[in-house]
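First to last, the sequence lines map onto chains A and D.
Going by our numbering, the first residue of the first sequence is number 2, and it counts up by one from there.
Going by our numbering, the first residue of the second sequence is number 1017, and it counts up by one from there.
Where hints are given, some of them may not hold.
Stated by the list, open to error - Listed next, the in silico BS3-like pairs over lysine-lysine satisfying Cα-Cα at most 30 Å (straight line):
no., chain 1, residue 1, chain 2, residue 2
1, A, K309, A, K280
2, D, K1035, D, K1062
3, D, K1269, D, K1302
4, A, K280, A, K210
5, A, K309, A, K110
6, D, K1211, D, K1116
7, A, K110, D, K1140
8, A, K359, D, K1211
9, A, K309, D, K1140
Source of the hints: derived by calculation from the structure; they are not laboratory data.
The lines below spell out each chain.
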Amino acid sequence: MGNVSSGPSASGATPVPELPTERLLDLYRTMVLVRSVDERCLSLQRQGRIGFYVPLQGQEAAQVGCATALEPDDWIFPAYRELGVALVRGVPLQRLLDQFIGNSGDTLKGRQMPNHYGYREYNFVTASSPVGTQISHAVGAAMAIQRRGHRRISICFFGDGTSSSNDFHAGLNFAGVFQTPTIFFCQNNQWAISLPRERQTRSATIAQKAEAYGFPGVVVDGMDLSAVYRVVREARERALAGQGPTLIEAQVYRLGPHSTSDDPRRYRTDAELSEWKAKDPLARMKHLLLSGGHLTEAEDAQLWEGAKRQISEILQAAEGTAPVDPLTLFDDVFSERPATLELQRAEFTELLREGILKP
Amino acid sequence: MTELTLVQAVNRGLHQAMKTDPDVLLLGEDIGLNGGVFRATEGLMKEFGAERVIDTPLSETGIVGAAIGMALYGLKPVAEIQFLDFIYPAFDQIVSEIAKFRYRSGGEYPCHVVVRSPYGGGIKGGLYHSQSSEAYFAHTAGLKVVIPSTPADAKGLLLSAIFDADPVIFLEPKRIYRSVSGEVPDGDQRVPLGKAAVRREGTDLSMFAYGAMVPPTLAAAEALASEGIQAEVVDLRSLVPLDEAAVLASVEKTGRAVIVHEAPRFCGFGAELAAILAEKALYSLKAPVARVTGYDTPFPYALEHLYLPNVERITHAARQTARAS
Chain A
2 MGNVSSGPSA
12 SGATPVPELP
22 TERLLDLYRT
32 MVLVRSVDER
42 CLSLQRQGRI
52 GFYVPLQGQE
62 AAQVGCATAL
72 EPDDWIFPAY
82 RELGVALVRG
92 VPLQRLLDQF
102 IGNSGDTLKG
112 RQMPNHYGYR
122 EYNFVTASSP
132 VGTQISHAVG
142 AAMAIQRRGH
152 RRISICFFGD
162 GTSSSNDFHA
172 GLNFAGVFQT
182 PTIFFCQNNQ
192 WAISLPRERQ
202 TRSATIAQKA
212 EAYGFPGVVV
222 DGMDLSAVYR
232 VVREARERAL
242 AGQGPTLIEA
252 QVYRLGPHST
262 SDDPRRYRTD
272 AELSEWKAKD
282 PLARMKHLLL
292 SGGHLTEAED
302 AQLWEGAKRQ
312 ISEILQAAEG
322 TAPVDPLTLF
332 DDVFSERPAT
342 LELQRAEFTE
352 LLREGILKP
Chain D
1017 MTELTLVQAV
1027 NRGLHQAMKT
1037 DPDVLLLGED
1047 IGLNGGVFRA
1057 TEGLMKEFGA
1067 ERVIDTPLSE
1077 TGIVGAAIGM
1087 ALYGLKPVAE
1097 IQFLDFIYPA
1107 FDQIVSEIAK
1117 FRYRSGGEYP
1127 CHVVVRSPYG
1137 GGIKGGLYHS
1147 QSSEAYFAHT
1157 AGLKVVIPST
1167 PADAKGLLLS
1177 AIFDADPVIF
1187 LEPKRIYRSV
1197 SGEVPDGDQR
1207 VPLGKAAVRR
1217 EGTDLSMFAY
1227 GAMVPPTLAA
1237 AEALASEGIQ
1247 AEVVDLRSLV
1257 PLDEAAVLAS
1267 VEKTGRAVIV
1277 HEAPRFCGFG
1287 AELAAILAEK
1297 ALYSLKAPVA
1307 RVTGYDTPFP
1317 YALEHLYLPN
1327 VERITHAARQ
1337 TARAS
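Can you make the complete structure from the sequences, with help from the hints?
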């Protein structure tokens, strides 16, 4: 466990400067937006206005802190809970809400469930539902980065449950062998649907698994944005210096359900939830800013109001956007449609024309 | 008899099997305390204990691989894969191992594992919560593939699968888990594998379906009846072993065949049925065989309602087949 540490200098690299307070206020504003989008989407799902939603409450500091430590050229391989990362990376909220609705403004063409998005323009690779598959992709991208001689890293996001998956082990092993510039960012939110962290692994930490693959693993308090920023920045410096990958375990808590299909009251206690609610990363950041005199209660209320207003405006536009064109069903299966698919598209067009299929 | 939904019947089937034989045990993700994400295993951990209803780490290959070891040792494991779309990490264990253990050991190591999994679209699940990949498994020699469409069959076929000598991939139509209910016999009443069921008799046309496609196919047959076309609806129930005699008998009677499945058309299970009809019933056919299927694309999210065969599409294809000469 010699290279497992919660301290800031696990790698022995140059200490990373702290985030200045003005920056913290900015990041808090982002966290407020993330939380507000999350709350709004949960209610949109209940109203049947979006089909599904994966909330991230409790993980905002980890995501915003981590994404802030990255540079725009770094390649992000997300799972399906990375709203905070996407917003920090600069993905417009309009695009995300269009995706959640699956309308004609959705650049994914309505192909994926809400939360499963990706945008080449933002070096934010498209996500899938099977867990862990993105981990080895991030390693491969890092091998390509090495080959091209680029000065950037790849990072993948996943949870505690994913540490049991095939690709977690395959990916970490490759990264160790090839010393790739990769950050494995595990948000250990304590629950993989109904199974507690202890049921995924007998290891004391997930971070310590890195040791077996020959590189450092770091545990960080994921409710502390600055701490997360620091360890990610440090891991990034190490990767750029040719010192290889780092596994970061951000210890957080999934305050909400796994998804809108889940009811956590079936498997965890209210007492546990309250205990973690007391560590809410937004409350923590607010307290820090209030006590430092960088924010007043009135300004805080304005932040939340502003976020709500912004979301409402964007949502209105998204709900007013036309549905996906049915014929896009047959696009992007291949670079060009093979003859059999062309035929199916023609049959489909005819069924629409005759009114047998109704868009 | 008890009135149950399809998912409740699965639950009762598992319960009955565990009661009948202490060697039966379940393993999977979220199947214990949570009762499964679709509640198929609700209450079973409480009744049979955590040693027989095992919540596993999140690893499909671990679940299926461990089930194999248990089966080799003489237990009767029933593995749950949360969604069929998530089975692929275990594909190696299923195709390379489960399917070949008996053969490669000269019969010394039968590998009786049941893998249960909800399959199919219609729940707005997009690419990764909607697939119907039964053809991959039906294509693999050594695996039985069973898909119920009624609560009675869900329980009866599951019991047969669990006490069968061979491995069974048991696919449950999640779209109709709760929307379909019916009378289910109490106790250890089994429905034999390899026997199709004629759900509706008819003389003009044969319609073949399974799983979640049976209800819309029956509805299409009703619609056709009002136009004077009497369609026979055959629910295959087992893809492997296939009740070829029932398929041929129906087409020899009607001379026309429409095959319905939600999986993509190309190399889908319908292709096998069409080939059997071409080989063995060509002289009975009065019209080309028609297939109503999903399209040859990944499963969409926003356009799901246009991708899945529905009553209108099935009726339209059947009408054309009935009228072709």
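Now for the hints, and whether the structure bears them out:
1. A/K309 <-> A/K280: holds (24 Å)
2. D/K1035 <-> D/K1062: With Cα atoms ~13 Å apart, D/K1035 and D/K1062 stay inside 30 Å; holds.
3. D/K1269 <-> D/K1302: holds (11 Å)
4. A/K280 <-> A/K210: Status holds; Cα separation ~26 Å.
5. A/K309 <-> A/K110: Judged against 30 Å, a Cα distance of about 27 Å means the pair holds.
6. D/K1211 <-> D/K1116: holds (24 Å)
7. A/K110 <-> D/K1140: holds (15 Å)
8. A/K359 <-> D/K1211: Violated - the C-alpha atoms of D/K1211 and A/K359 are around 36 Å apart, more than 30 Å.
9. A/K309 <-> D/K1140: With Cα atoms ~28 Å apart, A/K309 and D/K1140 stay inside 30 Å; holds.
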